[in-house]
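Asks: Please work from the sequences and hints to get the whole structure.
These protein sequence lines are chains A and B, in that order.
The first sequence: position 82 = 291 (this note's numbering), numbered continuously.
The second sequence: position 60 = 269 (this note's numbering), numbered continuously.
Some hints here could point you the wrong way.
Pairs of lysine-lysine residues, derived as BS3-like cross-links and limited to a Cα-Cα distance of at most 27 Å, are as follows [unchecked claim]:
#, chain 1, residue 1, chain 2, residue 2
1, A, Lys-537, B, Lys-534
2, A, Lys-534, A, Lys-504
3, A, Lys-504, B, Lys-534
4, B, Lys-235, B, Lys-290
5, B, Lys-235, A, Lys-537
Source of the hints: derived by calculation from the structure; they are not laboratory data.
Owing to the predicted nature of the structure, the values given are computational and were not obtained by experimental measurement.
There are 2 protein chains.
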Amino acid sequence: MASPKADAAPDLLAAAQAGDRRAIAKLLSLAETAGNAVFRPDEAAGDLMARVYQAAGAAHVVGVTGPPGAGKSSLVNALAKDLRKRGLTAGVIAIDPSSPFSGGAILGDRVRMGDLGGDPGVFIRSLATQGAMGGLARPALDSVDVLDACGFDVVVIETVGVGQDEVDVAAAAHTVIVASPPGLGDGIQAMKAGLLEIADIHVVTKADRADADRTAADLAGAQDMGLTGKRGRGWSVPVIATSANDGTGIAALAQAVLDHGAYLAASGEDRERRRRIARLRLETAALDLMRREFKRLAPDMAQLIDDLAERRDDPRAAARALIGKALKGGA
Amino acid sequence: MASPKADAAPDLLAAAQAGDRRAIAKLLSLAETAGNAVFRPDEAAGDLMARVYQAAGAAHVVGVTGPPGAGKSSLVNALAKDLRKRGLTAGVIAIDPSSPFSGGAILGDRVRMGDLGGDPGVFIRSLATQGAMGGLARPALDSVDVLDACGFDVVVIETVGVGQDEVDVAAAAHTVIVASPPGLGDGIQAMKAGLLEIADIHVVTKADRADADRTAADLAGAQDMGLTGKRGRGWSVPVIATSANDGTGIAALAQAVLDHGAYLAASGEDRERRRRIARLRLETAALDLMRREFKRLAPDMAQLIDDLAERRDDPRAAARALIGKALKGGA
Chain A
210 MASPKADAAP
220 DLLAAAQAGD
230 RRAIAKLLSL
240 AETAGNAVFR
250 PDEAAGDLMA
260 RVYQAAGAAH
270 VVGVTGPPGA
280 GKSSLVNALA
290 KDLRKRGLTA
300 GVIAIDPSSP
310 FSGGAILGDR
320 VRMGDLGGDP
330 GVFIRSLATQ
340 GAMGGLARPA
350 LDSVDVLDAC
360 GFDVVVIETV
370 GVGQDEVDVA
380 AAAHTVIVAS
390 PPGLGDGIQA
400 MKAGLLEIAD
410 IHVVTKADRA
420 DADRTAADLA
430 GAQDMGLTGK
440 RGRGWSVPVI
450 ATSANDGTGI
460 AALAQAVLDH
470 GAYLAASGED
480 RERRRRIARL
490 RLETAALDLM
500 RREFKRLAPD
510 MAQLIDDLAE
520 RRDDPRAAAR
530 ALIGKALKGG
540 A
Chain B
210 MASPKADAAP
220 DLLAAAQAGD
230 RRAIAKLLSL
240 AETAGNAVFR
250 PDEAAGDLMA
260 RVYQAAGAAH
270 VVGVTGPPGA
280 GKSSLVNALA
290 KDLRKRGLTA
300 GVIAIDPSSP
310 FSGGAILGDR
320 VRMGDLGGDP
330 GVFIRSLATQ
340 GAMGGLARPA
350 LDSVDVLDAC
360 GFDVVVIETV
370 GVGQDEVDVA
380 AAAHTVIVAS
390 PPGLGDGIQA
400 MKAGLLEIAD
410 IHVVTKADRA
420 DADRTAADLA
430 GAQDMGLTGK
440 RGRGWSVPVI
450 ATSANDGTGI
460 AALAQAVLDH
470 GAYLAASGED
480 RERRRRIARL
490 RLETAALDLM
500 RREFKRLAPD
510 MAQLIDDLAE
520 RRDDPRAAAR
530 ALIGKALKGG
540 A
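Replies: Shown next, in the form of structure tokens:
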């Protein structure tokens, strides 16, 4: 992917906020790659992303996660369609390497959008994760901000529920939906991964399958025993069976999302959750700055790496030396 | 888990190297948690882990990864058994949240070991990933070093092949095995995740199933077209069908692992690969130091977090402030 230019930045946010879809796409590309440019405070891209962050904050951010094969993409598309019927606009950031549609390709986005394609009230983006040791959190959360700042009422962030970063990113939402496919085996595996306990709403997908009822009952039972779902003071985590094929449960899910948003606001839990997300943002931004800075320092690292490879040094001592170098040149 | 004491450190490495299994287990616990203590260079735990790193380097490190449900744990156990028959010792670090046996529990380790249980030439450890925004790479790689330093001839690191960190950790090995279950759908999904291309050896598991041949043929075809596997100068990535049930292909797999090790040494690619791994170690150690330091600074972060949550500040500006604080107090 060609690196987007930050020079054209001044009016990009304004254009995106006015609904220019190419401007929104450009901002999202900047959000994915901006880390390269923002270690120096005076960079135009960094300034632009700072403006994006400060313009964001009004959207209801919904995390959707679940094991591979749970049917998350179809669920998210159906949810977006239902929200549109209610007059709400919806943005989607998908980070799902197991989705046949992900990978950041423009084609992928078009394929994903399907019958939502012509609707200006929907924007779906598949985020390319960049490989090379993590770092998907910062671009993902920045991308959510872009759609938030552009005025989408609901912004959905979809991640596969395996991989610590992936789960953490989905959990950094106001409302967290955990999607489980029918079948007990997967359910137990997901539970082992700590996936079920982050749910504000449980969804059992593929409700047209015979074993969906059983899975929903199992989840509800686990819920009653306090094994899954957050212990909200006044929020009882619902278990909703959905089918993206025939539309079962989709309206109920959309309603539950809105209800949960209302609950957060009424209970004051909203503020607490925003602080938790802000803390995550701070830490991921700081780690991202360090990671990018290390990349910049790669030419200076050859000797450190040689010494490590030959076991003449140890990783922490070398890391302290590297951090020292980074800070001299950086912030 | 109670935090292991570093005070008893001086003789712990020597005891572990002499084969004391409790000492090995203690060292592994230190490797998992040591990050808490090693920002200050004079900490005993940090010194111990530095000694571990410098004592390591002789083992052949084998990464095993693949989608959830590929049967990686059974494959790794069967591989370990075959290596034992050849007179080699084997250590295993498993980071697989979808494995019913993972989670770091001592019980889990015993269950996993099965009929390998009484053999002093095998050590299997399930690593608990610690949640809270990534950071599984550093404990995982340190744990590999522990078993390496304790003299195990082959150290296997098993991770689920979904999640960027998880894939990167498995790729930080001398020989990378990608395990695919029969069935084309999964294969395509894995390919999308960039999983297949890191393979030095492809394994199709559950070869007793009818569709295994087809998957093996598909992988071999993709291989011929240059779609999967590394472009080694002199290494042709084999596709091996295995069954942990009836033992099919396990001896061929063990032989391929040893052959690949010999290839690396003969071709000089070994040195290049060790440098690549050292670079990863350096970056993960540096990020881990920063991450732990941020945790230590949590009480000082309240105002930054409030400003971020209220969108009065932006993540990068706040991150630069945080890094400034960290460096003042730290390295």
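Asks: With reference to the structure, classify each hint as holding or not holding.
Replies: Hints, verified against the model:
no. : hint                   : verdict
1   : A:Lys-537 to B:Lys-534 : holds, 14 Å
2   : A:Lys-534 to A:Lys-504 : holds, 12 Å
3   : A:Lys-504 to B:Lys-534 : holds, 22 Å
4   : B:Lys-235 to B:Lys-290 : holds, 24 Å
5   : B:Lys-235 to A:Lys-537 : violated, 37 Å
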